[in-house]
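Engineer: Count the sequence shown with the UniProt record's numbering and you get residues 1 to 171, in order.
Derived from the structure by calculation, the hints contain no laboratory data.
Treat the hints with care, as some may be off.
[Claimed, not checked] Ranges of calculated distance between the beta carbons of each label pair, as one might list FRET restraints:
1) Trp54 with Gly96: 42 to 52 angstroms
2) Thr97 with Pro123: 16 to 26 angstroms
3) Ser89 with Val36: 20 to 30 angstroms
4) Lys128 with His27: 25 to 35 angstroms
5) Gly121 with Pro41: 28 to 38 angstroms
6) Lys76 with Gly96: 28 to 38 angstroms
7) Tyr77 with Asp98: 15 to 25 angstroms
[Said to hold, decoys possible] With a straight-line Cα cutoff of 27 angstroms, these simulated DSSO-like cross-link-like pairs (lysine-lysine) come out:
8) Lys120 with Lys37
9) Lys59 with Lys128
10) Lys37 with Lys113
11) Lys59 with Lys122
12) Lys122 with Lys37
13) Lys99 with Lys76
14) Lys93 with Lys113
15) Lys37 with Lys93
16) Lys76 with Lys120
17) Lys50 with Lys114
18) Lys125 with Lys113
19) Lys125 with Lys114
20) Lys37 with Lys50
21) Lys128 with Lys37
22) Lys93 with Lys76
23) Lys99 with Lys113
We put the beta carbon where it would ideally sit given N, CA and C, even for glycine.
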Amino acid sequence: MPSSGGAMPALPPGFRFHPTDEELIVHYLMNQAASVKCPVPIIAEVNIYKCNPWDLPGKALFGENEWYFFSPRDRKYPNGARPNRAAGSGYWKATGTDKSILSTPTSDNIGVKKALVFYKGKPPKGVKTDWIMHEYRLTGTSANSTTTTKQRRASSMTMRNPQEEQRLQFL
């Protein structure tokens with residue numbers, strides 16, 4: 001179903017977009033990092049750090065209960081690797097352990113999936129919400145082989161609010 005953010009792309013009847021973690025990395029994130037356009041405009045580019053999670057479904061190009069976005073990865077310090085996860089009226093806090101994404105044919109580690117939870121307010125006294133996001137990023141090996149430093153800043157993320165059964169996915 002189209003969101004209020006754009007028109008529905010021309011897709012075959014019954015089309016469902018439910019990529020695996022490996023597909024997100026190999027077919028979407030690596031291509032985005034290499035500046036290869038997606039053949040169907042199904043994934044919007046949105047800076048999630050300027051938005052609250054509940055505002056993002058309206059910015060999606062496609063999806064009813066699940067949305068995908070490409071977003072730049074913000075840095076806390078200009079020359080540092082530490083991410084800045086402040087967003088809208090709160091911040092994203094990492095939770096759990098990172099999951100390695102492996103390539104099926106080679107078993108090479110091609111990416112990492114990180115879970116984050118949105119907190120309203122300022123750290124460390126923010127109030128936890130039900131919004132969950134999964135951030136996907138290329139690993140050093142796959143990132144170095146196909147992209148420049150500027151292009152490596154692209155990341156893939158999935159966000160979901162379990163109470164509303166909505167998923168916002170960011171690449």
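Engineer: Go through the numbered hints given earlier and state which of them the structure violates, listing their numbers in rising order.
Structural biologist: Hint check: 1, 3, 6, 8, 12, 15, 21 fail, others pass.
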